[in-house]
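Each chain, letter by letter, is given below.
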Amino acid sequence: MKKRLSRFLNWTILLGCTILVCLFLGIILFDIFSKGMSSLSWGFISQPPTKGMTHGGILPAITGTLWLTLITTLFAVPFGIACAIYLNEYARPSVLTSMIRASIRNLAGIPSIIYGLFGLALFVQALHLGTSVLSAGLTLGLLSLPYIITTTEEALKRIPDSMREATLALGATQFETIKDVVLPKALPGILTGVILTLSRAAGETAPILFTGVAFYINGSTTSVNQEFMALPYHLYMLSTQHQSIEQVRPLAYGTAVVLILLVFVLNIIAFYIRFKQRTQQ
Amino acid sequence: MDQIKLSAHSLNLYFGQKQILKNINIDFPKNQVTSLIGPSGCGKSTLLRCFNRMHDLSSDAKIEGSIKLDDLDIYDKKNSVTEIRKRIGMVFQKPNPLPKSIYENMSYALNIHQFPKNEIQKLIESALKESYLWEEVKDELKKPAVKLSGGQQQRLCIARTTVLRPEVILMDEPCSALDPISTRKIEELIVSLKKDYTIVIVTHNMQQAQRISDKVAFMYLGELVEFGNCQDVFQNPQNELTKNYVGGHFG
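If you're matching them up, the sequences are chains A and B in order. Residue 1 is where the first sequence starts when you use my numbering, and the numbers rise one by one after that. Residue 1 is where the second sequence starts when you use my numbering, and the numbers rise one by one after that.
For reference, chain B alone in the conformation it holds in the complex (with noise of 0.2 Å):
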């Protein structure tokens, strides 16, 4: 049996009057890469980011039910979001650097968290290393980050992720913006990340879902229609909406 890090109990989310997510539940075992598909709208992003809280600014978005990492309910209003956050990274979508540069981003978080100045240092370059972004950038940490190309920039949103040793890490079509290279390379650091942490990942792109997945959920309208091992999701799937999805006759 797995160990279970996050879980979602009977999950809904609104947006003013409009039910987003309806009665998700989901666990997420720990070490392994979940992925989310689903055709655009059926609320995989909405719900990956309701595992960091995200929706906190939207003023019209409005969450019921709970989310639990480990016995922690990050809904619950005496645990502070910052401190959630910090155990629930995330990456997104574009790489969204800060206008900083590369050493301030991955220095960025160490600082607001108070880590000890003289370990700073050490944990940037083993991130950076981790990401295998630091041969790479290891002589010119003072360039500004936006200097770097897709790929990279996208690397160091995780290696900035990761300086923190957060437990579980969100991702939200992380290679969309991507070419094939630096897709791959994503990939295969995903993969290389799981034994240390536990992945989330929102994808749109089958075959990444199969290469790099453990788990696979697949949603459809606000529902969550099918979840299993990724084997079993796309070969043997039991509903018949994930059949049509997952052979490519809708999507």
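For reference, chain A alone in the conformation it holds in the complex (with noise of 0.2 Å):
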């Protein structure tokens, strides 16, 4: 009678638990979207802002968020990828190794605003990038790095030594193994992580803050030295940094609201890429 009682409360105690977390995403959910659903409207998507950003859309920030997941995954997806690579296929284990894991599991915990600091210093100022698109996009290639390198490794984990041994005994090189049995068969596993990563990095402020982001810049962004708005930050500007911030709030909602469709639709995407590996299998 007691075991059943102490059964039925431990279960209780977890699902309210599950319940509750469900509960504040779907607060948080309710809230932007019910203040962010009317400015919604395809001029606010097409259109750059007007009259000191109190109408008008958010293209320019729309297309300077793409623009710097465009320059962050040309960066960090094949550096990331190489570097798993390495680590899960060649890399012997020594002290070395386990030095070099450590660490980058360590970068992955540096709080971004240092990512922000960093890049500030490296790329704007001793390569002379200045505050620009590349800048920040390197910057936050940077941040994600760890993450790509982690999620590849752990996709590469997975291919049992098995599917190796296949290959290798029928004569093949390393690479050739690596390049035509291990890639193909992680793929799924690697773009997962690496589309959670973007969509992350799509939606830090930090880093970008010193390396290149504007307030506002006249016309979208069209060559990598510009400097560029973004999503994030135009939201944090809007939010609290604008002269009239009442009345820009719906705007500020509208723009959170395409920022987390953004962030949903690479996610889904990641999603239908694992649901389909799973039915494969």
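Simulated from the structure, these hints should not be mistaken for laboratory data. Since the structure is predicted, the reported quantities are computational estimates derived from the model, not experimental observations. Check before you lean on any hint, since a few could be wrong.
When the alpha-carbon atoms are kept at most 20 Å apart in a straight line, the in silico EDC-like pairs for lysine to aspartate or glutamate are as follows [unchecked claim]:
id, chain 1, residue 1, chain 2, residue 2
1, A, Lys179, B, Glu104
2, B, Lys94, A, Glu165
3, B, Lys129, B, Glu140
4, B, Lys117, A, Glu176
5, A, Lys157, B, Asp56
6, B, Lys100, A, Glu165
7, B, Lys68, B, Glu167
8, B, Lys100, A, Asp161
9, B, Lys100, A, Asp180
10, A, Lys185, B, Glu104
11, B, Lys143, A, Asp180
12, B, Lys194, B, Glu167
13, B, Lys100, A, Glu176
14, B, Lys142, A, Asp180
Hints given; two lone chains; assemble the complex.
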């Protein structure tokens, strides 16, 4: 009797916690969507802001964020995947490799504002890239690298050795084995990790703060050495820095909705890839 | 006197500090089936994997002594490991088809070893016929290999190995994951393959060893205890350990 009661209590507590978490998520989404939907329109996402940003849309912020994500992807994905392949497939276990691995894990824990400062020092000043979408993209790339390396390595680890042995025993080199068997098989896992990392990077504000994001630019970003507007920073600015905050509040919520939808779409893609992989096996 | 195809001389293997194989000397005669038997953990699979240098990737494995394929020292740094593996094929315990189509499974090795394009089709067909798989798959070569049954997958893995026309085929308990009917098919296949290949097979199944082998090697705790003709080892073992093992007293 006592056992059954405690089992019921355990169950209720765990379920309660789950519901509570979902409830918060629901409240946040409801709050943002109910206040932001009214300002959503085709014009909102296809026009630049006008009249001191009290009217118009957020087009430059959307294109800025897309530019930024593109540069982050081009920089972080090839390097991250290459590094993970080295660590998982080539590097022999040693003190050095475990130190490298520990450092990568630690990098993932560094606050993003530190990356911002580092990007300012390295890309903006030392490498003379200036405050630009390139500097900011590279900085976000650095931030993303540890996540991409870690998730890619996990995906590679899930490929059983019997798969590698199959081609090695046929006389394939290690590189051929990785290229023809390991990577194709790990690709869904790698892509999932990459997309989730990028969706996180797209929402970051601190690393781009010193490295290239602008309060307002005239027209859209057209080259990598220009400053740019970005959705998260635009949101921050509209909700705390604008001279007439009350008036632009709906625009801020609208921006939040667009940002959430963007991240949401990326997550759906990742989810779809994982789902497809699972049903194929 | 049998012609020797593959041989190990004073072979020692260590994983870290632990010695797994102790002074193994063995000669595998050409075009015969040699079974490696012995209780789990005796080192038979480890020995088998020495012959195509599968231990190369494990960082803590250390090998002493020599292994010769005809007169070629396979651990000589001069010799390319991919060339050796082309000549000494391997079939594994669990069927491990590549995540590709049946056809691509067969053509993969031919492509990486740059066989002439116009011969590939013919080689694949004859290797599949040799493995008695052709009739079952000839109409669906585009199908993913993982959709085949376990027994078919294993025959595909054997065909994938023989398509390169190796000289030696190593088999690591190739039937342990299969049902009796598939096992029977693979055994028939092994016997029919020995006219073209030298076969070394690790098996736990005493009946199987008796059905298919010409020679039998009994290993215990990393040592080669007894090696001889199949009949002799099973009917008239010289060593007390062998007698107990083949008699089913331990295992």
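Verification of the supplied hints:
1. A:Lys179 with B:Glu104: holds, 15 Å
2. B:Lys94 with A:Glu165: holds, 11 Å
3. B:Lys129 with B:Glu140: holds, 15 Å
4. B:Lys117 with A:Glu176: Holds, at about 19 Å.
5. A:Lys157 with B:Asp56: Given that 20 Å is the threshold and the Cα spacing comes to 19 Å, the pair holds.
6. B:Lys100 with A:Glu165: Measuring from Cα to Cα gives roughly 15 Å; hence the hint holds.
7. B:Lys68 with B:Glu167: Measuring from Cα to Cα gives roughly 13 Å; hence the hint holds.
8. B:Lys100 with A:Asp161: holds, 17 Å
9. B:Lys100 with A:Asp180: Given that 20 Å is the threshold and the Cα spacing comes to 10 Å, the pair holds.
10. A:Lys185 with B:Glu104: holds, 15 Å
11. B:Lys143 with A:Asp180: holds, 18 Å
12. B:Lys194 with B:Glu167: Distance of about 10 Å is within 20 Å: holds.
13. B:Lys100 with A:Glu176: Judged against 20 Å, a Cα distance of about 15 Å means the pair holds.
14. B:Lys142 with A:Asp180: Holds - the C-alpha atoms of Asp180 of chain A and Lys142 of chain B are around 17 Å apart, at most 20 Å.
When each numbered hint is compared with the structure, no violation occurs for any of them.
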